[in-house]
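Asks: Sequence:
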Amino acid sequence: MAYAAWDHPEPLALGSAPLPEYGSGSLADLLPTLAAGMAVPGTTASITELTPADRNCVFLVDGLGWEQIRAHPDEAPFLTALLGSSRGGTGRPITAGYPATTATSLASVGTGLPPGAHGLPGYTVRNPATGELMNQLRWHPWTSPRSWQPYPTVFQLAQDAGVHAAQVSSPAFEHTPLTKVALSGGTFHGRLTGEERMDLAAEQLAAADRSLVYTYYAELDGAGHRYGIDSDTWRGQLMHVDRLVQRLAEQLPARSALYVTADHGMVDIPFDEQHRIDFDADWELRAGVALLGGEGRARHVYAVPGAANDVLACWREVLGEQFWVASRDEAITAGWFGPPDRFDERVYDRIGDVLAAAYDDVLIIASEREPKESAMVGNHGSMTPAEQLVPLLEVRS
203 MAYAAWDHPE PLALGSAPLP EYGSGSLADL LPTLAAGMAV PGTTASITEL TPADRNCVFL
263 VDGLGWEQIR AHPDEAPFLT ALLGSSRGGT GRPITAGYPA TTATSLASVG TGLPPGAHGL
323 PGYTVRNPAT GELMNQLRWH PWTSPRSWQP YPTVFQLAQD AGVHAAQVSS PAFEHTPLTK
383 VALSGGTFHG RLTGEERMDL AAEQLAAADR SLVYTYYAEL DGAGHRYGID SDTWRGQLMH
443 VDRLVQRLAE QLPARSALYV TADHGMVDIP FDEQHRIDFD ADWELRAGVA LLGGEGRARH
503 VYAVPGAAND VLACWREVLG EQFWVASRDE AITAGWFGPP DRFDERVYDR IGDVLAAAYD
563 DVLIIASERE PKESAMVGNH GSMTPAEQLV PLLEVRS
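Just add 202 to wherever you are in the sequence shown, counting from 1, and you've got the numbering used here.
Note that these hints are calculated values from the structure, not bench results. It cannot be assumed that every hint is accurate.
[Stated by the list, open to error] FRET-style restraints, in silico, Cβ to Cβ:
id	residue 1	residue 2	range
1	P330	E398	38 to 44 Å
2	A410	D531	43 to 49 Å
3	A410	D551	41 to 47 Å
[As the list claims (entries may be wrong)] Taking lysine to any residue pairs in the SDA-like style, the calculated list, with each CA pair at most 20 Å apart, reads:
id	residue 1	residue 2
4	K574	F473
5	K574	V506
6	K382	G333
7	K574	E405
Backbone N, C-alpha and C define an ideal beta-carbon position, used for all residues, glycine too.
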């Protein structure tokens, strides 16, 4: 996809939504490409710009969008110097996938599948078996992880092929259902500090002739949600991330490639009625709606039986100048969740009858149902460049 395609002049048209680069340059394509370069059966090198390496490390920084790096060269000098290395030296970003949110993106990374296949298509989605909203980040209410996401991870495929596979992350994530369905396979190593993770990731890379190592840092995203990406706190976290990346890069063993990427970018949304539309206070938007899922910039809307067409018409009329509003079938056919021919029917009823993806700097909050989420400064989820474009910075030894 040409970079200019993200500056589309017609946000009201459904076809103007800039789709993620599924199959050639999305997060779901990263690990299969690296694994294929290590001769792991069942994997394909879809990001053709990348050169194979014997030892591969993916450092995923939660919330580190491409546009945020470019906007902060002083805070991130090491990352800025690596921008030209992105995507195999093309100096281009890759895309997260829709929605651009952590649970969805981590599942795409770990399984190598688009959201319509792995089945984690949002922050909160309806569980068809119970009719309840399920938070896929916190896995609440609990449901069987393997029935929810039955496919093996790339780490598991790599381990089965004799590649040394390891994850280095916070100890809190070791036994979570999201880790189980998205990142399991190989060995998990819990370390509290970012510095400890960088050091251990380098050790794990060197532990075998062929290695696939994943490490993760979440605090940048947390600072963005709480204080915004225009805050000193967020900038301080970015400076820390910059030092962590350099620390890991300087320890790479021979024949290694380090890839620095992210699950999404972020935008700050002003606190006023023009930019924050409150679903709980808007009778028009509530009419015919049984459940409101997703998040402020990427909503899944579940209609009461028989009301889906009316809800779609209303949401388009009220929000159509600020959001791409689509029916479930329109979004699937358009490829929001991946190529339609790769869509798994078990995922169909998890997706809203109506979907609303933000184009402008605007949110659909729910002040009563979601008080914490509604109070966040920084947000993400949609298909705008600030949210969707993520780096694929590369350091090789």
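Asks: Hey, K574 versus E405, does the alpha-carbon distance stay inside 20 Å?
Replies: violated, 39 Å
Asks: Could you grab the alpha-carbon distance between K574 and V506 and see if it respects the 20 Å cut-off?
Replies: violated, 26 Å
Asks: Would the pair K574 and F473 pass a check requiring their Cα atoms to be no farther apart than 20 Å?
Replies: Distance of about 14 Å is within 20 Å: holds.
Asks: Between the beta carbons of A410 and D531, is the distance compatible with 43 to 49 Å?
Replies: Taking Cβ atoms as reference, A410 and D531 lie about 46 Å apart, which means the hint holds.
Asks: State, for the Cβ atoms of A410 and D551, whether the hinted interval 41 to 47 Å holds or is violated.
Replies: holds, 42 Å
Asks: When you take the CB atoms of P330 and E398, is the distance between them in 38 to 44 Å?
Replies: Holds, since P330 and E398 (Cβ atoms, about 41 Å apart) stay within the stated range.
Asks: Checking one constraint from the list: CA of K382 to CA of G333, max 20 Å. Satisfied?
Replies: violated, 24 Å
In summary, the structure is inconsistent with hints 5, 6 and 7 from the numbered list given earlier, while agreeing with the others.
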